[in-house]
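There are 2 protein chains.
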Amino acid sequence: MGFFGDPRTEGILRFCAIIGLILTVCLLGFDKQTTQIFHVDKKATFRSLRSLIVIMYVNSVAAGYNLLQLCKCWISAQPKLGASKLGAHYDIYIFWISFFLDQAIAYVIFAANTAGVEAALLAITGAYNLQWMKLCNRFTRFCFQAGGAFLCGYAASLTMAAISFISAFNLFTHYSPSHFLRPKSK
Amino acid sequence: MGFFGDPRTEGILRFCAIIGLILTVCLLGFDKQTTQIFHVDKKATFRSLRSLIVIMYVNSVAAGYNLLQLCKCWISAQPKLGASKLGAHYDIYIFWISFFLDQAIAYVIFAANTAGVEAALLAITGAYNLQWMKLCNRFTRFCFQAGGAFLCGYAASLTMAAISFISAFNLFTHYSPSHFLRPKSK
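Listed in order, the protein sequences are those of chains H and G. So that you can map any letter, position 125 of the first sequence is 125 in full-length UniProt numbering, and since no number is skipped, the others follow by simple counting. So that you can map any letter, position 30 of the second sequence is 30 in full-length UniProt numbering, and since no number is skipped, the others follow by simple counting.
Calculated from the structure, these hints are not laboratory results. In this text, a Cβ means the ideal position worked out from N, Cα and C, and glycines have one as well. It cannot be assumed that every hint is accurate.
Unchecked claim - Some chain H residues well away from chain G (every beta-carbon gap over 10 Å; in silico):
#1 Asp31
#2 Val61
#3 Cys73
#4 Ala77
#5 Ala119
#6 Leu121
#7 Leu122
#8 Trp132
#9 Gly148
Stated by the list, open to error - In silico DSS-like pairs for lysine-lysine, Cα to Cα no more than 30 Å straight-line:
#10 G/Lys42 with G/Lys134
#11 H/Lys32 with G/Lys134
#12 G/Lys134 with H/Lys134
#13 G/Lys42 with G/Lys32
#14 H/Lys43 with G/Lys134
#15 H/Lys43 with H/Lys134
#16 H/Lys42 with G/Lys42
#17 H/Lys42 with G/Lys134
#18 H/Lys32 with H/Lys134
#19 H/Lys42 with H/Lys134
#20 G/Lys32 with H/Lys134
#21 G/Lys72 with H/Lys134
#22 G/Lys43 with H/Lys134
#23 H/Lys32 with H/Lys42
#24 G/Lys32 with G/Lys43
#25 H/Lys32 with H/Lys43
#26 G/Lys43 with G/Lys134
#27 G/Lys134 with G/Lys72
Here chain H stands alone, though its shape is the one from the complex (with noise of 0.2 Å):
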């Protein structure tokens, strides 16, 4: 099945996929700060912003995902159970399925994750001229934790990118350049 194509290439960015969003998700999860602004206690979650809460939801969604596709790849991946018993027609569906989650997938991480950053930059500098202020020198923890998560999640969507870039050649290779998809005959 070449580099590309085989099953476990695909397995084993999506198992780092799959860390990175963990990661993100306990990293942002268990950050918690309490800090007290003009003498009121104030607690920092990822509950206060909502895009840290987005962030939550739309990682752990796509965890799931692909430990879904995980379970697809090692199936594939077994010579007697592999998917081609099913034949080239139900290969191509799940191609189909598969290139628009990826792309989904990668596309909703990679803008919740710059989100999240914008949210931060936010509570690093402020924003003087709409009377935000900067928060990132009373939270100073939490800011660090989010950042890693940041980070994680940005790792995170790089991967997902590559594994789209891998289904995208799953499908297309399968069609002829000349006809409007057309499948190739062998």
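Since the structure of chain H is already known, use the hints to place chain G on it.
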């Protein structure tokens, strides 16, 4: 060349993307409002929020890139000037470069827009725990115009996703499914 491989399909999509990108840039660029907060005049422009500045730059670069690609599509649509004259070897390089750039730009536009929407949502609801106040009840017109800009930006990033789909098709249909990156024999 079929529907996907047809440079006209790609050209039309790229033209739509350019329109969307330029609309976003114009709507954000001309978005200004001054209002009083605590008896101080505060002016909101796209320069007040880093994410809006990033959207301006990213979308301008993407529009320029799509304009260049539009020229390429126009050249390949001319029967006499077609890139095929330069040989299939040259075509493959163009396909690889287009594939990577289209993917990268689609990801970056989508992420930049989402970061902008995230900042806009913060402005609509505020973040009570973090002492960031609501702003859209004071800068209403500004917020509506920014919302329109985000809609155009999302339309443009959907178009870019379709374009990157086409460029993946153009690239990978030239490769064999069973060998790692080995071009197909005719």
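List of violated hint numbers, smallest to largest
The structure breaks hints 5, 6, 7, 8, 21, 27; every other hint is satisfied.
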